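Visitor: Chain residues, written in single-letter form:
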Amino acid sequence: MATFQEQERSEYAWPSAKDRQIIGQRTTRIDGIYKTTGEAKYSSDLNPADLLHGRLLTSPYAHARITKINVDAAKKSKGVQGVYLFADAAVGSEIRWQGRELVAVAADTPEQAEDAIAAIEVEYEVLEHWVDEADVEGARAAGRANENEAQTAGDVDAGFAQADKIIEGHYGIPTITHCCWETHGSTCVWDGRSLTAYLSTQNVSGTPGQFTNGLTMKDVDIESTEVVCQYEGGGFGSKFAADTWGIAAAYLAHEAGRPVKLMLSRATELQVAGNRPSGYAEVKIGIKNDGKMVAWDSVHWGTSGVGGGGVSTGVTPYIFTPENTRRQQISISTNTGGARAWRAPNHPQGCALTQTAMEDAAAALGMDPIAFFKKNLDIVDRAQHPDAATVYAKELDIAADLIGWDQRWHPRGQGGGGAVKQGLGIALHSWGGGAHPSSCMLKIRPDGGVETYLGSQDIGTGTKTIIAMAIGETLGLPADAIKVNVGRSSYPVSGGSGGSTTVGGVSGSNRKAAVEARKELFAKVAPRLNASADQLEARNGEIRVQGTDRKLDWKQATGLLGVQPIEVMQTHRGDEPGLTARGVGGVQIADVSVDTETGIVRMNKYVAVQDVGTIIDLLTAESQVHGAVIMGIAFALTEEQIMDNATGRFINSDMVNYKLPRLGDIGEIIVHMIQPEDGEVGRAEHDRGVVGLGEPPVISPGAAISNAVANAIGVRVPTLPLTPDRVLAALEKGGDA
Amino acid sequence: MKSFAYARPTNESETVNLLGSKWGHTALLAGGTDLMSLMQNRVSTPEVLVDINHVESLKTLQPTDEGLVIGALTSLDDLLDGEVLEQFPAVNQAVDGIQSIQIRSRGTIGGELCQRPRCWYFRNGYGLLGRDGERSLPLEGDNRYHAILGNQGPALFVSPSRLAPALIALNAQVRIIGPDMEDVLPLEYFFVTPRNETQTENVLLPNQLLTHVLIPPADNYVNATYEVVQLQGLDWPLAAASASLKIENGIVQEAKIVLGHVAPTPWVSSDAAQSLIGQPVTEETAQSAGDISVATATPLSRNGYKVQMARTAVKRAILRAAGLLEGGQESHV
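Residue numbers (our numbering), protein chains in the order written: chain A, 6 to 742; chain B, 206 to 538.
Same shape as in the complex, but just chain A:
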């Protein structure tokens, strides 16, 4: 079997598993108490003195031209302190999606701002819209389809010629939104020429320049911007920018000389603040009788909004890449809000379009899908992970064991004799997750206090906690002894939270800083303990000469610093073996029940097995997987952007009809992190360094749950989410399975 390549370990590598003090254990969040008691203040919670409330006027039409716009009445409306026109608020402007921002108003109370919005006169010439992302023929006829050249590898025709069987199917995954619980927006406060933007963001260090530049272009005399974000209610890839409404809030605050809070309404949040591109595909797979995939041919269509786009075919077929492939993409321009990066961009869609087709192929051969997947492990993509095949093989076994595959799995359509059928489905995924650049400044004070500063952010994932643990591990202190300062752009620059790069970045920089600070402390302490610095260790709140009882407790040790703290600035620029790494794989299995008389799918159980390298906080790591699986259940079963052809509206842009699963819809989730006891793979995984985890576990649920439903009812429900109408339609249509 393949093993992980031996590489020279970084001098900052984490201690080996047996020597770890706190990392790898379950630690509750250091800010958990503030969140649960409401002491944590999110951007939308802030109410500085003299605050003005911002509201937006947006377009109700998907495609229209403005023929008249008059804001005089809004300006005169009671309590109004400022009116801001966005770029499209002009006669002649073409509006190309519903929710397009036109005017912002700031007033003394939210109700006054809403009254002023209602007083704005706008007239539109309504133009013909196209909002149907699935109807490729209609889009062609409407001139909304752009056919791209096919990408090929190998010889597709020869591949199909050597196939024993050719499987064809149609699959689809519609647009969904990020639906952040805290909507996009900010509270903007000026002090002279300096702006502080309390922005709900996953990009603290990267957004100040956007404010400064945007305001300069509006002729605002601005010296600097500081972005502050202590807590964030979800971003998922949609909150990297100041956004036009951020600039509007800052502008209105500047003009009024008072703070302005402007958070998007739920409807606008769903309509314009980002979504995940849709993908539909006709797929053809060539297989040998033993299950080997030898050829793949797919025609894709979908959208990212008015610019066309859709799911990148770069990740299709997903992970399993036969020698001979052809993919063609048709990009459809729709009058819908634009896409933004959505947790693991392209991967959930690629997985849902590929591994469903693979499971159909396995069913056509009468093969157990695990056997089918294993048969094709030699063609898995190794770009992220040289030992991917070994990892998947191991994970498939662990996941099968946890779900009780041998007892619970049955051939397709044999899910029980009554109305309610049970089924199992599998999928697997891959992600990079290497560290982003991160700098931090760490101080050890003479009084024993330890604090770190970095312009990173905790987007709800537990970043503050893992920073504290990384430092605590290095200095021999508990996590709650470390003061973690993030969420201010005046701190050292640290990357935006995208691509599952944060945990590597911030643990890398803080580990390095803590190691360097420890060196300085040891140099001070060593003479007192009659030892050399390299004989010392920091464990359990003590500095000790290794193997002796000569020691100082932490405060005695830091007391030797005199009046000046130790201050260390460190940057982590890229992965270093044993410290941070990239490339993870995971396997997930869904167990569902389907009521064939109502079409309703219920989750029974869900197993997620994940390799993730060195784990800092096992609890927040497991929580990431739980959250991802729940988000995956949402897009697999309930969640979709419904565009209404009659009005061009995102007709379910509210929290009743934009259906997200409730607690009772989740079922039991079992998370298994690859650990040293998982054998050869586990040991190596555990030693290679920290790898990001935020995205990978959200990739598989669409395919896994779709496969489980097909296994239960005997037919494929081609398009996600697997709503009761789609399930009943598939049952009615029947199938060849």
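It is worth saying that the hints were derived from the structure and are not from the lab. Fair warning: there could be bad hints in the mix.
[Stated by the list, open to error] Derived coverage of chain A by chain B (criterion: at least 3 residues anywhere in the stretch with Cβ under 8 Å from a Cβ of chain B; other residues may be distant):
{"hint": "1", "segment": "49–58"}
{"hint": "2", "segment": "119–130"}
{"hint": "3", "segment": "593–604"}
{"hint": "4", "segment": "640–650"}
Remember, it's a predicted structure, so these values are computed and weren't measured experimentally. No residue lacks a Cβ here, since even glycine has one placed at the ideal position from N, Cα and C.
Start from chain A and add chain B according to the hints.
Guide: For chain B alone, coordinates are given in the frame of chain A:
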């Protein structure tokens, strides 16, 4: 939300006097779970909000010889307390199905019956019938959640009440008051299908209110509700049915079957009920009643699936009433 005047009457006559005779001028505030979102979206823009929460006579919850008297302000959670619904499992199951904790604790029975339709065209400002000029948006557009029965006129929304089918199956009555009037009528006749935008989904005039619900004794009737609902939390059923049966010596003597969420009003299926008379309740007779209940369905372009759901809801409500469907779908294997 548009600014409004606020009034807080303490008795029924004061309340009636505060209500205007013009549509949309006043709104009644009970639990507010529906009204607040309608006002926030400016679908409802009353000048005066009449808060009835201090009208004590609306808080009754009293078993009497004529049946159970329920004041309109009784919260859904209060209905589940104690054993007041012991004879009425159909109502109990409907209330229990409302899994939103907020709606159950704040929402009232009066509000549950008077909540406005969930139709997304209505909620997006196109009026109760979802008209855009001459166009019927539910007819032309996305009607996946719209009516499959009683949809020959311009009204295509579905009645959103979850208690109404159960209460109608149990022959519940409602008391209505207005200026110089007081009336008690069967709940079945409370709901109407509007023919134009000047009408609403019930018989109330702008200056009238529903004050009480009376459920007559049901000791000789078994009854149950079955809802087909996608989410186990805040969500409305896609189809539902309530059944009330009088069974003697294993044979159905009397039956009432009411469907919910399939038509602009709760939908009484006399044919389905009639088909059970003289029959034992079995999987077959229940299935047949289900088939009959949707025999006249006229689904729109994309809600045909609701026919199958309604059929199943009727079948399972009958089986559940007869004690042949323990615990709902999960055990119905």
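Visitor: Next step is simple, just say for each hint if it's right about the structure.
Guide: A quick look at each hint next to the structure:
1. 49–58: Coverage by chain B is violated for the segment 49–58 of chain A (0 residues, Cβ < 8 Å).
2. 119–130: Held - the segment 119–130 of chain A has 3 residues with a Cβ nearer than 8 Å to chain B, which meets the minimum of three.
3. 593–604: This one holds; 5 residues, not fewer than the three required, reach chain B with a Cβ under 8 Å.
4. 640–650: As far as the segment 640–650 of chain A goes, the hint holds, because 4 residues have Cβ atoms under 8 Å from chain B.
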